[in-house]
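> As a plain string of letters, each chain reads:
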Amino acid sequence: MDIDLLSNVFYAMVRTGTPLLLVALGELVCEKSGVLNLGQEGMMLFGAVAGFIAAYSTGHLWLGVCVSMLAGVLLSSLFALVALAFNANQVATGLALTIVGVGLSTFVGAAWVGKPLTGFEPVALPWLSTLPVVGRMLFAQDLLVYLSFALFALVAWVVLRSRLGLVLQAVGENPDAASAMGLPVLRIRTLAVLFGGAMAGLSGAYLSLAYTPMWAENMSAGRGWIALALVVFASWQVGRLLLGAYLFGLMSIVHLVAQATGLSVPPNLLAMLPYVATILVLVLLSRDRVRTRLYAPLSLGQPWQPGH
Amino acid sequence: MRKRPLRTMIATLAAAVGLASALTASAAPLKVGFVYVGPIGDHGWTYQHEQGRKALEAQMGDKVKTSYVENVAEGADAERVIRDMAKDKYDLVFTTSFGYMNPTVKVAKQFPKVIFEHATGYKQDKNLGTYLARTYEGRYVGGFLAAKMTKSKKIGYVASFPIPEVIRDINAIQLALNKYNPGTELKVVWVNSWFDPGKESDAANALIDQGADVIFQHTDSPAPIQTAERRGVYAIGYASDMAHFGPKAVLASIVNNWAPHYLQTAQAVIDGTWKPQDFWGGLADGTVELPISEVVPAPIKAEAEQLIAAIKSGGFKPFTGPIKDQAGVEKIPAGSSASQADLAGMNYYVEGLTAQLPQ
Amino acid sequence: MLLSLEPRGQASQPMIWLSPVLATVLTLLCGSLLFMALGQDPLVALHTLLIDPVSDLYGVSELLVKTTPILLCALGLAVAYRARLWNIGAEGQLLMGALASSAVAVNLLSLDSRWALVGVLLAGTLGGLLWAAVVAWLRTQFNANEILTSIMLNYVALNLLLYGVHGPLKDPAGFNFPESAMFSDATRLPLLFEEGRAHAGAWFALLALVAVWVLLQRSFLGFQVKVLGLDRRAAASVGFREKRLVWLVLVLSGGLAGLAGACEVTGPIGQLVPQVSPGYGYAAITVAFLGRLHPIGILLASLLMALLYLGGESAQMNLNLPQAITQLFQGLMLFFLLGSDVLILYRPRLNLRWARRRAVAEPVSAL
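Residue numbers (this note's numbering), protein chains in the order written: chain A, 1 to 308; chain B, 1001 to 1359; chain C, 2001 to 2367.
FYI, nobody ran anything at the bench for these hints, they're computed from the structure.
Every residue, glycine too, gets a C-beta built ideally from N, C-alpha and C.
Hints should not be assumed to be uniformly reliable.
Stated by the list, open to error - Straight-line distance between alpha carbons at most 27 Å, and here's what the computed DSSO-like set of lysine-lysine pairs gives:
#, chain 1, residue 1, chain 2, residue 2
1, C, K2170, B, K1106
2, B, K1109, C, K2170
3, B, K1087, B, K1065
4, B, K1148, B, K1179
As the list claims (entries may be wrong) - Between beta-carbon pairs, the in silico distance windows are:
#, chain 1, residue 1, chain 2, residue 2, range
5, C, L2057, B, K1113, 18 to 28 Å
6, C, A2236, A, L243, 46 to 56 Å
7, C, L2057, B, A1028, 22 to 32 Å
8, B, K1106, A, A110, 51 to 61 Å
9, B, Q1059, C, S2032, 33 to 43 Å
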């Protein structure tokens, strides 16, 4: 196999996997605290359009990034209000959020369709990017991809090594006990939801400011749902989330590269690759019943109120 | 009862008003409806139809009153939307996607007074016409430009689904490549979607990684153009003018301009001269436009303009025989050119394409 | 907080009925503000959205057509969700049902007997059922989480459908369009009325409604399902066999979704096309929860959902309102419905210094 081809495939894998990774990281934190937020698509799109408008109007890409994160926080706060403060059903609330987010983003972005923008360009790190295979993949990406690496490390550290991570886990596993210990369960959950919103917004910014710098309706094309599935795939472990995002990205790229090299498999069957691969890998990883059963936060998706 | 005389008076008045409005019906604006399969914000297929609708409103002013419904799925919903327009006394309805064919046929039978026009279909009726754009004419010229501008002798095509329209366009490019730069390879990647900017960008990257230095697309977003611009290769836009997405990359764009056909059809309906037909608009009548950018050097551009003129005048037809398919079987004999039926159901790749046609 | 929510002792009966009313009022108010901000007459807009679509018999029949697949899917999902089995794969199961029934129908084009239709519908139900069985198998054999497997299988199903409609099932006389041949009259669902497209699928939905109600409210199996959902360990300790129940609920929801797909292709569409479902499977998830996982609630919620879809088309056509607005309206309605439901279990309290109250006894969870 050609080293260049491998290098190109891995480079594309990271690019394709980044929006999935970003939004999935946010949802992982959210679900760790016991809250299931299905509003990813809506938050991503709203973040994408808000970020694009800000960046296009002011000419500052990073301002766009900040605005998109704020947009995600805004939408997720609506979710927090209804699902946490009002204790409504989380699944339905998340779905409602998706509908509102998609509709809002389309409405707000109508005048911005077709406006070209020079987005984030790849920034190759000196010497590191010349390493074989991994050089281009890890060190010749654009700034938002580097940010995603940093955020991954941050979330991993917080969840696995910090006190905040323990608190998060406690709240997710047994909110009653956590509350009895004096932890402000609703406040922690709200913060987790808002973090999820910010990450979804950031993922949207990546789409509209780096990956394909433009705004077009529904440009996330279902990535929010894939990310949701990836959190489950990862069994709520941060490390496996990275694996899932990049695995999915890799399989999506392979589907396209295989065709470009002239492989004659029906494209519809090739298109199934990412999905089948994810299921297969999940099956392989989940065979140990005892260990895997322990990983879903026990209170995930269940409404909870103080004094419950 | 006292109310009866009042009722009869009102009834007579209503009848009189009705009669008066019927007599002045010709002054009432033509109600034109558009059924879109995608969002107007896709900057591609539906976006261009919407531009056509806007042109219709702008140019005909008070004589027409238009409306549209977007994102109408091609399944059960389509029939309802089309029928609602017919029931609502629309005079002319354009259904802009091939998947609307059978619903349009069904509703057309039930509403003989409404005129229907179905884009890219093949079934007509007394009040149902079809129309499509000969984008393959534009592609042929695009193929010529690609043949002249390529250095790697590899051309990339970001394709959506293997329907006849897409296959026609791919074949047209290959025919041009065969003629103007034999030995040039056309690589096709099917992204299985009409619109997914991320995937289109990935596909373009995959093709460029394989050495393609001119990228065509048959998908709706400008993502492949952007990718080509970023990677420093050439590109040919589709559906709308995409030059501003890739000022250094775009050689030309194959633009679907539906305004001429919409204007013509609306006027014909108003005049009462509309007849059902299978309208294939191309470069000659402005349905297909091919703005060539400054990136193309002047001599090549001049040659391309000559080619366009030849196609416009009817002197040259892209699918002129002899044309053999991949297996070497002659599909179009020498001296003749492909008929509309040949083109409408094209399901083979021409010689020169190495990949298999997905079946 | 000035305004806090105090748990009621038990679910408030009047609020169960008042909550949707409150939500409707709030949505209408909010929607009116939205339309006024866009320069539209709010009354006209609301009328176009909510009343116009069903203002004639044709509209009512269209409502039935749109409701049927959503209702069928949502009923099946409700059973699965009661067991806390998050089947997100109704969309894929519907598509597989459509694919399977089409595969049979295109081979029976020349048959005239009504049994052909029965065969086609059975094939569709089986298709959806088997697709959900994959999820069940992966879950019981390999402990693979059903959320992931069902979502992924949705995309696999879509690609299989595309493969079928571009390849083996493509109409040979169809100019290479990705559509199957039109099904023969014998394999089309009979219409309910002379006018309109309302078809026998509505009867299936009604039957399914009754069946699911009986299952959940009156059968021991339904009881086991509910206990499994409430407390898995308790269910195990009483001897309810989890694996069997998992298979049952998944296969049931898959079968109903597959039937929905079969009804779509043998009913309003009449052939296999790539866009068989504009997202019925996903809409059904929302409807299942809106209906509080209860058959009657689901019936009402699916009617409402279908109405909102129809109203959206009407608003685009008659008011030139962009589709995004109707989506926003839908989302708002959902938010208000969900928010108002909180009043069933919780009482709003004003916290003033001189009136302190303590939390009351543990409420019974409605889900």
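> None of the hints should be skipped; say for each whether it holds.
Do the hints match the structure? See the list:
Note on K2170 (chain C) and K1106 (chain B): the hinted pairing holds, with a Cα-Cα distance of about 20 Å set against a maximum of 27 Å. Restraint check: the Cα-Cα separation between K1109 (chain B) and K2170 (chain C) comes to about 25 Å, which is no more than 27 Å; the hinted pair holds. Restraint check for K1087 (chain B) and K1065 (chain B): satisfied, since their Cα atoms lie roughly 16 Å apart, inside the 27 Å limit. In summary, the hint linking K1148 (chain B) to K1179 (chain B) is supported, as the alpha carbons are separated by about 11 Å, within the 27 Å threshold.
Separation of L2057 (chain C) from K1113 (chain B) is about 21 Å and conforms to the stated range, judged on CB atoms against 18 to 28 Å. For the pair A2236 (chain C) and L243 (chain A), the supplied restraint of 46 to 56 Å is violated, since their beta-carbon distance comes to about 32 Å. Our hint of 22 to 32 Å for L2057 (chain C) and A1028 (chain B) holds, since their Cβ atoms are close to 27 Å apart. Distance hint check for K1106 (chain B) and A110 (chain A): the Cβ-Cβ separation is about 33 Å, which falls outside the suggested range of 51 to 61 Å.
Distance hint for Q1059 (chain B) and S2032 (chain C): a CB-CB separation of about 36 Å, consistent with the stated range 33 to 43 Å.
Checked against the numbered hints above, the structure violates hints 6 and 8; every other hint is satisfied.
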